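Sequences listed follow chains X and H, in order. 951 is the number of the first residue of the first sequence in the numbering used here; add one for each residue after it. 216 is the number of the first residue of the second sequence in the numbering used here; add one for each residue after it.
Don't read these hints as lab results, they were simulated from the structure. Note that the coordinates shown come from a computational prediction; the quantities given were computed from them, not determined experimentally. Take these hints with a grain of salt, some might be off.
What the hints assert, rightly or not - Below, simulated SDA-like cross-link-like pairs (lysine to any residue); rule was C-alpha separation at most 25 angstroms, straight line:
| no. | chain 1 | residue 1 | chain 2 | residue 2 |
| --- | --- | --- | --- | --- |
| 1 | X | Lys1078 | H | Pro229 |
| 2 | X | Lys1078 | H | Glu284 |
| 3 | H | Lys239 | X | Ser1032 |
| 4 | X | Lys1078 | H | Ser348 |
| 5 | H | Lys239 | X | Gly1034 |
| 6 | X | Lys1078 | X | Val1042 |
| 7 | H | Lys239 | X | Ala981 |
| 8 | H | Lys239 | X | Lys1078 |
| 9 | X | Lys1078 | H | Ser328 |
| 10 | H | Lys239 | X | Asn988 |
| 11 | H | Lys239 | X | Gly1025 |
| 12 | X | Lys1078 | H | Arg255 |
| 13 | H | Lys239 | X | Thr985 |
| 14 | H | Lys239 | H | Arg321 |
| 15 | X | Lys1078 | H | Gly293 |
| 16 | X | Lys1078 | H | Arg289 |
| 17 | H | Lys239 | X | Val978 |
| 18 | H | Lys239 | X | Pro989 |
| 19 | X | Lys1078 | H | Gly248 |
As the list claims (entries may be wrong) - Now the stretches of chain H that chain X is said to cover, found in silico as 3 or more residues with beta-carbon under 8 angstroms:
| no. | region |
| --- | --- |
| 20 | 245-257 |
| 21 | 266-275 |
| 22 | 299-309 |
| 23 | 326-336 |
Quick reminder that beta carbons are idealized off the backbone N, C-alpha and C, glycines included.
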Amino acid sequence: MKATVVEGVEVGTTLPPMTMRFTREHLVRYAGASTDFNPIHYSEYFAGRVGLPGVIAHGMLTMGTALRIVTNWVGDPGRVISYGVRFTRPVVVPDDADGVEVEFRGSVSAVDGSLVTVSIEAISDGQKVLGAARAEVDLGVRVPHRDHEA
Amino acid sequence: MAITEAHAGRRYPPTDPYHVSAAKIAEFATALGDDNPRYRGDSPIAPPTFAAVISSRAWQQLFTDPELELSVERIVHGDQRFTFVRPLRPGDIVIATARIDRVRLRAGSELISATVDISADTELICTAQATFSHAREAAA
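Make the full structure from the sequences, and use the hints.
Written out as structure tokens, the structure is:
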């Protein structure tokens, strides 16, 4: 297992960013894996009927993908103790080979003993698609605080 | 009658037991494009948001509750928060129990906040708190 990142973690520490591309294939795959078969995630007809500009990604696909920025960083996903987001904008996925790009960024927004809070941004087409996205991870060991290192 | 603020506190019976499997965990991780080795191999754990697969079974009970008169196709997921006691693992047999925490009436829509507890026997594994927006009229 990959070692957890502890050294030098402090408020403002940035996590390696990640860019993902969602195509219709991703939506079909996520629908099957998650058992969320809402047709707005595969059918223009049903998406249009509820006033959407097109087929949209599952909010939970965006949420689950965004957390990878944190789990890639800590190595062990079992260290995630809470995770919350607001779904601020739908991610429209065109029916073509390119799909849509979503950019994920994360930075440490709080450190309390071994508990580290990461704030996550997810941006597609210049707009934030997640709001108030925060994951709390327990690094298992007390993060050395700068003031105490001297 | 339709959903009102008075439905806060409404509780649903536990869902049928869900058997967590290594195959489903791997399938879910693949759907997220996630090659984290903890999701595969001899003793995998589930990706944290796999909890939605189980809580959605409880949400369905709420969405299809005739008392609330909701149209499933007009429900949008507004926010989602998970609190984990421990990761889900293959072999876990879990149930999901939903309750409505709060209903707020807006012009043309209702905001429904609900909590789902995911547990195995009496052990709480994860809590999923969600807010759903239900549009009362079909979009023009």
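Legend entry - Restraint check for Lys239 (chain H) with Thr985 (chain X), where alpha carbons must lie at most 25 angstroms apart: holds, 11 angstroms
Legend entry - Agreement of Lys1078 (chain X) and Arg255 (chain H) with the hint, judged by alpha carbon distance not exceeding 25 angstroms: Outside the cut-off at roughly 32 angstroms; violated.
Legend entry - 25 angstroms Cα cutoff - pair Lys239 (chain H), Lys1078 (chain X): Violated: Lys239 (chain H) and Lys1078 (chain X) sit about 31 angstroms apart, past 25 angstroms.
Legend entry - Distance restraint between Lys239 (chain H) and Val978 (chain X), which requires alpha-carbon spacing of 25 angstroms or less: holds, 15 angstroms
Legend entry - Restraint check for Lys239 (chain H) with Asn988 (chain X), where alpha carbons must lie at most 25 angstroms apart: The given pair, whose Cα atoms are some 19 angstroms apart, holds under the 25 angstroms limit.
Legend entry - Claimed coverage, the region 245-257 of chain H by chain X - three or more beta carbons nearer than 8 angstroms: With 9 residues in contact (Cβ-Cβ under 8 angstroms with chain X), the coverage given for the region 245-257 of chain H holds.
Inset, instruction - With a cut-off of 25 angstroms on the C-alpha distance, tell me whether Lys1078 (chain X) and Ser348 (chain H) pass. - result: Given pair Lys1078 (chain X), Ser348 (chain H) holds - Cα atoms ~19 angstroms apart, limit 25 angstroms.
Inset, instruction - Below or equal to 25 angstroms on CA atoms is what counts here, so check Lys239 (chain H) against Ala981 (chain X). - result: Given pair Lys239 (chain H), Ala981 (chain X) holds - Cα atoms ~13 angstroms apart, limit 25 angstroms.
Inset, instruction - Mind checking the alpha carbons of Lys239 (chain H) and Pro989 (chain X) for me, to see if they're no more than 25 angstroms apart? - result: holds, 22 angstroms
Legend entry - Straight-line alpha-carbon gap Lys1078 (chain X) to Arg289 (chain H), limit 25 angstroms: holds, 23 angstroms
Legend entry - Pairwise hint evaluation, Gly248 (chain H) against Lys1078 (chain X), where the allowed Cα distance is 25 angstroms at most: Holds - the C-alpha atoms of Gly248 (chain H) and Lys1078 (chain X) are around 21 angstroms apart, at most 25 angstroms.
Legend entry - 25 angstroms Cα cutoff - pair Lys239 (chain H), Gly1034 (chain X): holds, 23 angstroms
Of the numbered hints stated above, those contradicted by the structure are hints 1, 2, 8, 12, 14 and 23, listed in ascending order.
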